[in-house]
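Student: Between the sequences and the hints, there should be enough to build the whole structure, so can you do that?
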Amino acid sequence: MPLSLNYKFLLIASATSAAATTIISLALAHTLWYNYEVIPLMGRNSIASFLTSASMLSSFIITFMITKATRNAIRSQQIYPLHWHLKSQTLIDQLPRHTVHRAFILGIIGALMSGLTIYLLQFKGFTSFYFSQFVGFSIMYFVLLPTAVAVMSAYRAMGDDVMKQVKL
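Letter by letter, the sequence shown follows residues -20 to -1, 1 to 148 in mature numbering (1 follows the signal peptide of the UniProt record, and there is no 0).
It is worth saying that the hints were derived from the structure and are not from the lab. Note that the coordinates shown come from a computational prediction; the quantities given were computed from them, not determined experimentally. By construction, the Cβ of each residue, glycine as well, lies at the ideal position given by its N, Cα and C atoms. Any given hint could turn out to be false.
Stated by the list, open to error - Quick list of simulated restraints, FRET-style, between CB atoms:
{"hint": "1", "residue 1": "Ile4", "residue 2": "Leu100", "range": "35 to 43 Å"}
{"hint": "2", "residue 1": "Arg55", "residue 2": "Glu17", "range": "47 to 55 Å"}
{"hint": "3", "residue 1": "Ser33", "residue 2": "Val115", "range": "41 to 49 Å"}
{"hint": "4", "residue 1": "Leu(-16)", "residue 2": "Ala7", "range": "29 to 37 Å"}
{"hint": "5", "residue 1": "Leu8", "residue 2": "Ser108", "range": "14 to 22 Å"}
{"hint": "6", "residue 1": "Lys48", "residue 2": "Thr107", "range": "36 to 44 Å"}
{"hint": "7", "residue 1": "Leu124", "residue 2": "Ser29", "range": "15 to 23 Å"}
{"hint": "8", "residue 1": "Met22", "residue 2": "Gln58", "range": "43 to 51 Å"}
{"hint": "9", "residue 1": "Ser112", "residue 2": "Asn25", "range": "12 to 20 Å"}
{"hint": "10", "residue 1": "Ala7", "residue 2": "Ser108", "range": "16 to 24 Å"}
{"hint": "11", "residue 1": "Thr(-5)", "residue 2": "Tyr16", "range": "39 to 47 Å"}
{"hint": "12", "residue 1": "Gln102", "residue 2": "Glu17", "range": "14 to 22 Å"}
{"hint": "13", "residue 1": "His10", "residue 2": "Phe106", "range": "17 to 25 Å"}
Tutor: So, in C-alpha cells, the structure goes:
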C-alpha cells in the first residue's frame, strides 16, 4: 500500500533534517574534541554545553526550515493541509502561529530535552565519554531529536491557514 503524500513529505523532511543535523554535529564535535581522549560530561568545554547549545540551535533552524517548506508544499499542492477535525486536538496544535515564535518554542524544548538527557546521564553515573563513545551517543541523539522536531513542525504547519499567512 503506497504512502500518502503527507506521510512521504514527513518521512523525507525528518530523514533530511536528521541526516543534516547529525553530520553537522559530528563535524562540530570533531572540531572541538579531535585531540581529546576523554570528554567530560560537565564543565566549560563539555558534552553538556555542546548538547544544550546544539539542541536549541538545531531545533530552531529545523523548525524554521520545515515550517517554510511545509507551507510552500501546501501552496503548490504537493501535500494537503490537515482536515478541520484534526486541528486543535493535540498539544502540537497549540504551538504559536508565527514561524519565528514557533521555532523559538521548539528551540527551548530542544534545550530542555538536552537537559533531561544530561540529567539521566548523571543519574546513571556517567561523568565522561571516550571520543568514540561520544560519537555513537551523538549519532543516536542527533537522529532522534531532529526527527521529532521535524515531525512536530511539519504537522503543526499542515494545520496552518497558509493562504492567510504573511511572508516572513
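Student: Tell me, in ascending order, the numbers of any earlier hints that this structure violates.
Tutor: Violated hints (numbers, rising): 1, 3, 11; every other hint is consistent with the structure.
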